[in-house]
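K.L.:
This is what each chain is made of:
There are 2 protein chains.
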Amino acid sequence: MGSMKKFLLLGLTVSVLISPLSAKKVKWRLAATWPSTLTPLITPPMKVAEMVKEMSKGKFIIKVQGKEKHKAPLGILDMVKGGQYQMGHSSSYYWKGKDINTVWFTSVPFGMTPSEQYAWFYYGNGMKYMKEVYDKFKVLSFPGGNTGNQMGGWFRKEIKSVADLKGLKMRIPGLAGEVMAKLGVNVVNIPAGELYTSLDRGAIDALEWVGPGMDIKMGFHKVAPYYYTGWHEPGSEMQFLINKRAWKKLPDNFKAMLVTAMKAATFDMYIQNFAMSVDAWEKMKKEYPKIKVETFPKPVIEALKKASDEVYAAYAKKNPKFKEIHDDYFSYMKKARAWSQMMQGSYLNLLKK
Amino acid sequence: MGSMKKFLLLGLTVSVLISPLSAKKVKWRLAATWPSTLTPLITPPMKVAEMVKEMSKGKFIIKVQGKEKHKAPLGILDMVKGGQYQMGHSSSYYWKGKDINTVWFTSVPFGMTPSEQYAWFYYGNGMKYMKEVYDKFKVLSFPGGNTGNQMGGWFRKEIKSVADLKGLKMRIPGLAGEVMAKLGVNVVNIPAGELYTSLDRGAIDALEWVGPGMDIKMGFHKVAPYYYTGWHEPGSEMQFLINKRAWKKLPDNFKAMLVTAMKAATFDMYIQNFAMSVDAWEKMKKEYPKIKVETFPKPVIEALKKASDEVYAAYAKKNPKFKEIHDDYFSYMKKARAWSQMMQGSYLNLLKK
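Just so you know, the protein sequences line up as chains Z and B, in that order.
For the first sequence, our numbering assigns the number 540 to the initial residue and increments by one for each residue that follows.
For the second sequence, our numbering assigns the number 540 to the initial residue and increments by one for each residue that follows.
Be aware that a few hints might be false.
No copy is singled out in the list; a pair is fine if it fits within one copy or between any two copies.
Below, in silico cross-link-like pairs of lysine to aspartate or glutamate (EDC-like), each with a Cα-Cα straight-line distance of 20 Å or less [claimed, not checked]:
1. K856 to D638
2. K608 to D867
3. K873 to E821
4. K756 to D791
5. K608 to E833
6. K783 to D703
7. K563 to E697
8. K787 to D617
9. K874 to E821
10. K822 to D867
11. K857 to E671
12. K788 to E821
13. K563 to E593
14. K564 to D791
15. K824 to E671
16. K873 to E826
17. K667 to D818
18. K670 to D703
Hints are computed from structural coordinates only; laboratory data are not their basis.
One chain only, chain Z, in its complex shape (with noise of 0.2 Å):
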């Protein structure tokens, strides 16, 4: 696999094997948008840069740099555009102001489970789609690690009906927002340091984070004890973005390494944050009894899924790669929440009391 060189040596032609993989070293920057303190979102860069270290034998470096480094949790997709960093680790929604298609690489209301956004994503047209919106940013982006199903959310009051989501006053971001609006819900955005305040004063009556593990230490449940199952954001999928210059400047085998570890990675992510929502659950339960954990009633999810389809049929009918993609994932979704229903559905319920 070696090139042979020849090196002239004091008159003498001294050849010498040159093995490829004893190229030059390799250091690249990765932003993060999260901390990098923040178990399990920054997981995946930080198993990412051990690997391919380990793999290279540190022959390819990768530093990540969690945001308060650079101080730029929702730059990361500009900055690896423009090449300060040669990698990012986000989450595609974010980039929803430059382009509304990015929203279906991470998770939208009512959409796949993980397991059956990753068959998209692999075995159907996901990174077809993915490759396709990502393109004319000149980077690549790769599923970055998986929330799973995120909370609906705290309220300080139960919703009986649709008439209690009227004026109300809730933080939830994204297109989820959007769908609140049209049922009435005065949709508010509130840095994370000031939400807890924001609910205990009443300033706001409900808001969204992200699961129990991520909730309980924010302390909302002190004040808004009505906890509700989720519809808005089945399977959150982070992202990986790549910078497409530095890319192709990348050996084979290098990139050959990035795109297993990345994969592994994914994987490991979506595990480690299942297990680790696991023991809040079960933590949350004995030490906070007095939760109220519920689901929205019939009606109301009836209504947030007509608004939702209020929301994408606008949408698709300004931009019509937004109606392709939806077309795609809803008809994808529909095949496999069948079989979605048939294998896990029917395993969940069958010794449910």
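Place chain B on chain Z using the hints.
P.N.:
Chain B alone, transformed into the frame defined by chain Z:
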């Protein structure tokens, strides 16, 4: 990272940098239980071989041999232990005759879903127990892909009550067969090639195989139209086996490549199988509308659960390690299931008619 080697050349000392990555080529052989064309079961070893080849620039080669070559589908553990093959790809529960505790690393009746089981493997005690059980065979074992929840089997007649199981002749292997036997089923073992004929001629009344993708090709639906949902293998994990002496001789960077590739391939096969089942399920419903998909009635499920607990209790009495792993497995499942019901179950039930 390289080391300087000195050579004496016509009285002159010539220093040449030798990269440790240019180490000599490693050639391994892997024996799989499956034919080398049986997608998706053969996918994990095939992809691992491809990935390590690319990552090592052809210096680490794994040659995959299917059962048509080595003729010993159930001899994989022995061949890897003996060193005829450095690696194997199989299912842990095939070795239950050598050690009953190998069953915990495939799937067990009323056991964990794939997400729950992966969480137990990687973030609970699963990998620790797997190492303990396989240490005595002088091999390492790693997760190697998952078929998801398998279907409960094809029946010539509808099962309306526990009484309908009595005297039924059924092909169902493993612990599930022991459970069925407790309910009066006459459990028989028949080679794969004779299954259809046996069912057609009434030599057996029912059989368990895998899931829609693999079952339909066998034609069972033509003679046994009742297709029951599963309870006995809720997330069948496959396994990679590695001979420990071969592992110890492997350079560290090749070890890292192998571990990373196995994890990526495990995830990939779970998704590939899910995607194939999605398509097969849709095709089955369209092309074979006469297949009656059913879930066993609640009293039958409860009787199967009671019989499973009795089978577990009997093994636990004889084998302290069985009791230890059983207790750890089911205690992890209890807390994991609460979260699965919340996160996955609640979402799948959200819009169900």
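K.L.:
Can you list which hints this structure breaks, lowest number first?
P.N.:
Hint check: 2, 4, 5, 6, 7, 12, 15, 18 fail, others pass.
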